[in-house]
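Colleague: Here the protein sequences come in this chain order: H and C.
Okay, so the first sequence: first residue is 1 according to the working numbering, each after it adds one.
Okay, so the second sequence: first residue is 1 according to the working numbering, each after it adds one.
Because the hints were derived from the structure by calculation, they are not lab data.
C-beta atoms are modelled at their ideal positions from N, C-alpha and C, and glycine is treated no differently.
Check before you lean on any hint, since a few could be wrong.
[Claimed, not checked] Below, simulated EDC-like cross-link-like pairs (lysine to aspartate or glutamate); rule was C-alpha separation at most 20 Å, straight line: (1) C:K453 x H:D3; (2) C:K436 x H:E8; (3) H:K45 x C:E201; (4) C:K755 x C:E739; (5) C:K457 x H:D10; (6) C:K416 x H:D3; (7) H:K377 x H:D115; (8) C:K428 x H:E8.
[Claimed, not checked] Not the full set, but computed from the structure, chain C residues with beta-carbon under 7 Å of chain H: (9) L410; (10) E412; (11) Y415; (12) Q419; (13) Q420; (14) P422; (15) K436; (16) G440; (17) N447; (18) V454; (19) V456.
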Amino acid sequence: MADAYVIEPDIGFIHEVKGLGGGDLKKCFQCATCSVACPISPDNKPFPRKEMIAASWGLKDKLVGNGDVWLCHNCGDCTTLCPRGAKPGDVLGAIRAYAVTEYGPVKAMGKLINDPKMLPVVLGIPAVLFLVLGLITGLLNFNPEGDRIVHAHFFSTWLVDMVMLPAAAWAVINFAIGLKRFLNDMHQNALQEGKTDIEKIDPKGMVMGLLRMIPAILKHDKFNECSENKDRATAHMMVLFGFIGLFIVTNIFFVAIYGLQIHGPYSQMNPVKWLGNVSGVALIIGSILMIRSRLSKKDQVSAYKDWWLVGWALALGVTGMSAQVTRLLGLAGISYTVYYVHLMFIWSLFFFIPYSKLAHLVYRTTAMAYNEYIGRK
Amino acid sequence: MDKKYGVYICEGCGIGDALDMKALCEIPEEEGVPVKTHPFLCGKDGVALLEKDIEEGTNTLVIAACSRRVNFDVFRFDGCIVDRVNLREQVVWSHPRSEFPALTEDQKGDEEHFDRLEMLAQDYIRMGMAKVEKIDLPEPYKLDNFSRKILVIGGGVTGMSAALDAAKAGYEVTILEKEAVLGGNAINWRKQLPLQSPYEELIPPVVSDMIQAVESTSNITVKLETVAARIAGEPGNFIVTQKKPGEKIEFDVPFPLPEEMKVDEKGKELTAEQLHEKFLEYNVGKNDILTMDSDGEAFGAVILAAGWRPYEPKEGEFAHLGYGELPDVVTNVQFEEIANRGKLIRPSDGKEASSVVFIQSPGGGDDDGDFEYAGSVTSLVALKQAKYVREDFPEGKSFLFYQHMRTPGLAENFYKSLQQDPGIFLTKGEVTQVSKNGDGLIVEAENTLLGEKVQVKADMVVLGTGMVPVTKDDPVVNLAYRQGPGFRDNDIFQDYADSNFICFPYETQRTGIYAAGGIRRSLTVEESMEDASGAALKAIQCINSANRGVSVHPRSGDMTFPDFFFQRCTQCKRCTEECPFGALDDDEKGTPKPNPTRCRRCGTCMGACPERIIGFADYNIDSVGSMVKSIDVPSEDDYDEPPMRILALVCENDAYPALDIVGLNRMSYSAEIRFIPVRCLGSVNVIWIKDALSQGMDGVFLLGCKHGDDYQCHFVKGSELAEIRMKKIGEALSSLALETERVAQFQIAIDEYDKIPQIVNDFAEMIEELGPNPFKGF
């Protein structure tokens, strides 16, 4: 047996996890009902019981780099069945939020995004940024000319990309740094806890694992194994595909503008436009369903981090769709204002994504790919 | 009393349907005893019938109906002798006609067929009639001097609580406290466990309020720095000699001679006089127990609340935990002292102790037991002290390693609330080592919830050692009893002053002495206060039973007491020695001196006496013997193949009610058994067995409570003594060429009633195989 593990509880960590939605974590009395109830927990070293123990002992080192917290889909089966009301599902969610902040290189951003008092700052940054940059460069025109409402006349495409591209790049860089650390820690943890005996990660194997996982992720296979919050899977799927659709549309139009020099607004008959509208509707409906589900499930915690994400998704969809609808209705003033707000949401989504709950897109996918790669069932 | 007999047979509850009433009535009629039947004897009409006869002079009634355990108030007639013959549960309900058919007209009187059920019922009527002939109405034993005062030994939380309760109920109470102040252990605590809902927070110790309350209660007398040198006499009239602790006085209690001094150089037993002389020599300077202190103070009952002392680890006992070696490893009591002085600091260097490990089980072996004398209270104290660390230091950490975390009842709330504290860490696990680590400590543990070998750095380690009842070191009560000054069998209760694992809390092995608090079990303040109320009520019950001359418990209200025919006493001392309650004190000649209010009326003395000179008004050698003799034992003169007859002597505490439950559940068993209830198997005198066998009965068995260390015997020793006596009777049987198997003893708990038919039938079958008793028909 390895050397004795030196327990050094981090009380600050316990306080933080409690604040991030794991408020009941100390109630756990280690009965293991959660691990039995969980439909997607592996047989070897199942979660979330061990995570609950580690959390109640403040053993940050056993949790932050633990890939298992990402295998959890927070379906809530464990939380519903927990005899002590310790809400393991929500505790794992809180640990994930903590881990996301921990892996990002700028921890202050994590604090910013997870603190409701900082919401005005989070929204204020893009608002001010657009205004300042727009005024300096003159790309923000408060008197757009012409009969047609063209958003680009008010908020130049150049200005949009001038603020959006660096934000996206920022996200990519942050993710890259975070992911490298995460993958390393996750592997060390797996070795330590005997989840794998593969000494060194083979990048090819990792990619193969990822490729094998992608269809399952898209089909929400794991999510569908849950019983308590099955409806959430549908909503999640709508939001995910909404985002994917909009991502595709944005890229096509990016090429159209800069490559083919075709400027919008585009015809409603355009198939790309169809995709955009369908995706937008999916995003709106999906996020409304999610909000409704969270409101009705009183036994499950919805922390600020959760509301931030579903709220953001809804705001994105609604502002985007309204900007288009008001444009078509000829409500110029409203349309331009809504468009401005819409861009604010997009920017902060890009800028904060590595620190927000949406980071699960990257971390969970990686953890699932890794798990597939090491063959843990 | 001139007895006027009457036999009353109830026909209800299926009795009339199954039995031939006319034939039953012939039994008393043959004896010239009036007999009446009634379809519903416990109803208004039936009772009116009985009352009318009583008015007309009937005073000795045999009521053949249901079990004596039901309708006891309906068939209670003061001033009358009443015996209940159990035709319902023991005859018709447990022997259905489908299995025990009645005779057809042809079969009657053919010397081949007989009606087993009818025979059973007839025997029971005969036995009831024989019994009432031999018993008398009891007259209560009244003490000449009687005190209603209650003595409380110990002025801690329990003692004060008991005193306050008894005082509130209107009794004069005296507290003896050996220390110079009241309060006991609790005065040195920082905080105490919660006493009321929601049971979540620690509270200031209640002891100081309690001291004030005691001091301001007029009918409580507090005697500090005082102990009981001896308690002589008996409940209702205990004569207590008090002294300063450590003082030597002539009324210090004498100790009985050790076994090895009871024989001479050749190993021969000494005579009573020689023994007494040696006893006086052994206790030189002390008066004999029968010498009364004329200055002693009289009390009616005693509450023993002398409490506990901290466990003192033996040299090197917890070496692997560093105790004795490392100054920062302390016991929970030592930690409490530190906490009470102020902020938690380490004994070694006075630095703050902000990380503390609490160990609940010593480990170091296969045993996962907690520290000796621990209990739920030590778990709770560890939680309490864990909270101190959190109170003193915002970043403080408390670690609890336990094998058992016991937080019974609403104490669970306290556990839950502490579990919520981010700085309190709980795990099951075995601590293997505590060692020095720089200027701090390092604790190693295995098999923890964290799944591996773990280490924790700590400033201090606290061992959850237990609470030792002070009766372990000293008798405390110092009873001037021939059997000795303390309780005889505390060793089977881990040295606690107790008398039964399950039943009878507060009752010690000495009537009139009621134990509460730490002397009885490791208890919290809350539990001790509850205990104190229980013991106070018991003491009051004792006073209010002894004053009326009735038994206190478990035969509450029993007016009988053992009566000795001293002219025939051979001074064998068996009764003195075997009495489970030390009720008898023999004098210098060895003649027993009864102390009736100490007695619990079990009859163990009656069972022990070889001269058969001990008996009770309504239960004696002759009454049971006559019942045995009244059983009709058919022989070959009566039938070609006569049925067996088996006598069963049944303990009325557990076995008899179990038999009733068998009937209630309509479970059937052999109809050849004749049951006679006895007060305790300890009261069974072997003469009854000899009577049964000599009149041709084929077997005898005793059915009573479990004995041994986990005994369920209501009288502590009865069933155990019976077993010893049965072994001895076996030897006598073989000398008569009778098989020793013909006499047996079975143990039964009340909830094992379902096993009774099997036990009974197996025994009957075994006897059948042995064949009839060769003495039958002589």
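Colleague: Tell me the numbers of any earlier hints that the structure contravenes, in ascending order.
Modeller: Going through the list in order, the structure violates hints 3, 4, 6, 7, 9, 10, 11, 15, 16 and 17 and respects the others.
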